[in-house]
Amino acid sequence: MSTAETAAPTAPADRIGRSGARKDAGPKIRGRAEFAGDIDVPRMVHGKVLRAELPHAGIKSIDTSAAERMPGVVAVLIGPELTGFDPYWGHAIKDRPILAIDRVRFRGEPVAAVAAEDEAIAEAALREIVVDYDELPVLGTIADATADDAPLVHEGELRPGLFHGLGELPAREGNVCYRYRLDAGSVELAEAEGELTVEGEYEFPAVYQYAMETHTVIADFGDGEITLWASCQHPFLVRAEIADLFNLPIGRVRVIVPYLGGGFGSKSYTKMEPITAALSWKAGRPVRIQNSVEESMVTTRRHGMRCRMRTTADRDGKLRARSVRLWLDTGAYADNGPRVCATAGDAAPGPYRWDAVHVDASCVYTNTSPAGSYRAFGAAHLQWIGELQVDEIARRAEIDPLEIRRRNLLRPGEPARPDGSGKPLDADLVGDVEKAAAAIGWGEPKGDWVGRGLAVGLLAAGAHPVSNASVRMEADGSVEVNVGTTEMGQGARTVMAQIAAQELAIDVDGVTVQGADTRFTPYDRSTGASRSTTLAGLAVQRAAADLRERLLETAADAWGIERAELEVADGVVRGAGREAGYAELIAQRFGFVGGELVGQGEVRPEQGSGSYAEGPVFWEICIAAAEVGVDPETGRVGVERMATIADVGKAINPLLVERQDEGAVLQGVGNALFEEMVFEDGVLMNDTLLDYRVPRIEDMPTQMTGIIVENADGPGPYGAKGCGEGAQAATPAAIATALADAGVPMYELPFTPERVWRRIKNLKEDDRG
Amino acid sequence: MNQVRIAVNGTPRELVVPANELLLDTLRERLGLTGAKRSCDVQVCGTCTVLVDGQPVSSCTYLACDADGREVLTIEGFAEQAEFAEFERAFDERAALQCGFCTPGFVLTLKALRDAGELRSREDVIRGLDGNVCRCTGYKSIVEAAEMLVGEPAAPRGER
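These protein sequence lines are chains A and B, in that order. For the first sequence, the numbering used here gives the first residue as 120, with consecutive numbering after it. For the second sequence, the numbering used here gives the first residue as 77, with consecutive numbering after it.
Please keep in mind that the hints were generated in silico from the structure rather than gathered at the bench. Keep in mind that the hints are not guaranteed to be accurate.
Claimed, not checked - Output of the computed footprint for chain A on chain B, the stretches with three or more beta carbons under 8 Å from beta carbons of chain A:
1. 113 to 122
2. 147 to 156
3. 165 to 171
4. 178 to 190
5. 216 to 224
In this text, all values refer to a predicted model and were calculated from it rather than measured experimentally. Quick reminder that beta carbons are idealized off the backbone N, C-alpha and C, glycines included.
Build out the structure end to end from the sequences listed, making use of the hints.
The structure is reproduced here in structure tokens:
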């Protein structure tokens, strides 16, 4: 994408690159920002969901009669009632019924839904529903599901969903619902020639995103029309999927998105919208369903993974070949598993120059809760493993970890995928990792049980490059940006306002940015994959530039002056000795007080279809350096120094960039040191925040340094590219390499005190043996 | 059903509530005060924090009946007080919020700490905010904002 057609305004570039205040700070600090759960719709009733108690079972019967008789109960809905249409959904694979039909495939799967006058009644009614189950064998792990004689979680052919976006779906192989392969060169040959080989088996845990606002949806299913107020990141994809599911034209589904209380991928694509819409249809009234944390934990999560990796190099540390086999546990329904699988496959080689690479990634159905997107998916899974192996090669070759990276890292313009496909590398990785290393005192003396580590990775970012925006100027010169980006904390509304203000040479205060209402807001594919500033931001830049042209034309016509002689600056159009404010020009254009000017901006694939294979839009850089201390007596790991790189091309709002990475670091610390969803035979054992620990204030690294790199090498406005995810993949990886440097190489995340202590004990025993 | 008298943000309220009604539901559903949020339901996350007689409590596990005869301050009420401007400025300046879901809980906890004279240092901040979870910020910005608020209570207790 290029910004060439949008001539920059002549005013100084002072609205971007500045850490102005967040547009949403006031309402959020005052508790007035509206989230889905704060909205009351007239005639609204409350929905609750009865969830399966067993991880895998046939449903013999469901008796809802007692629940239906309860005063205050408005409707009870069960799967067998979903007739007359195709009740299956799923953006990647259409494998999921709105409510269980004949069978439940995970513990927590919705079996029935109740709408009642208040939540307490709805909850009481759930307890009156009697389900008779027929227990089936449970495929609780990847090993269970990939065994030769494993029963199938899903029978029959897999049907592609509307947005799987990964080319032809291969036929299902047993419980493997998607497979991604990446091959370049002859691994056999390179491995035969290489002198150093590192090989290992690794485990990555299922993790809960914990957006503090749980999934919340209000649905109003009217006459051939559905309105949703939803805590969703991708309103336009939800709209299309709901329209497809209920056989409605896209325009008859309306999705309104208030502020989101965090997303991190957990609110990407469709989640609780289908069941809420169906319940509203049955109830004949608007229904709100608000998950509990326990319910959101089984609504979506990060994929657990098993991985075998082998890295081969020459004795001088020249990397030669990498071979990777991995299995992702996507749970009972695919959710975003196929794309996570492809992204993990792309992240497996790491950003190095290889003679040969072989990656084989499988996405596996099991009888556990469905897994989907979580910040930096794929990269978070693979980077710590690949980087541990690079460091082990360095150790055996007696090269400094920074030096082995200098020698082997890809340079800008080199193919980032080893097979040469897609977007070449668009960042200076060597420069970046040197900065990160310097920030944690690389090379300084250190004590026993202290380690320093580096991590470098790439994340395929941007998703599909389709974004539209419009910018409207009212008669008084105030400006509204209409863009589909969801504000979920990242600061999108602030950044969009800055971009519009910059193009129109006005104060950021004069710009309003609202949440999406798909009836009025121009189409934007999604809010995820770090795409908003880059793609939606580019659409806003183009829309604002288009509006600027309208202003310049208006002045040129009014004054009988050539357009080329005019420019905008500080809220006026001027040229040829004349000057007029925007409000004055709008009044002149319409001849009266009133009217408006609208600019449109569109971003679409510049060539090809914008498919995954042709992409990504840009490579998000995942770079961190860590210093950790280990207590050998307790196994406790402390993160002392942490540095991350935000290689953003251009920081529209530098403070918000830093803040994004700080958040990513803490989520990465959780992923590295203690976060883990523990399943036993398909049953989640730690399903509350009492048992599932998320990082608290005391878990902050002692020192956190966020470094912003601005090389204007991104495809977004002013050379910007996205950020905020890379640090989450890089943080666990840097902690892993630092821990290995301290003498404790680990093979299983999270690095809990118990695991670290056992590993230290085993290493000591190995030494003695 | 129980009849309770609660002073909510300085306004006396007489309410009839079931014995098992949570203060969070009373505030959100009956009084339309949605600044306190529901999240973990088990007193871990602090996003439902309100002040009862000046003490921070998790309203998700606090019965409305137990607030009988007490004063409840929510973020909506605090936002009307002169002292709030300082808190708002600190959080705004340090961009100490992202999604904003947890922010009212942090602000009210900090107010209670300062009123109690327990906001004197960075160590106080770390100790005092251990019961509030923020999933977005990584806490650094919140610590920076809180450090701007370190100091003596704006007025001695009982005079507000």
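Q. Tell me, which hint numbers fail for this structure?
A. Of the numbered hints given earlier, the structure breaks none, since each of them holds.
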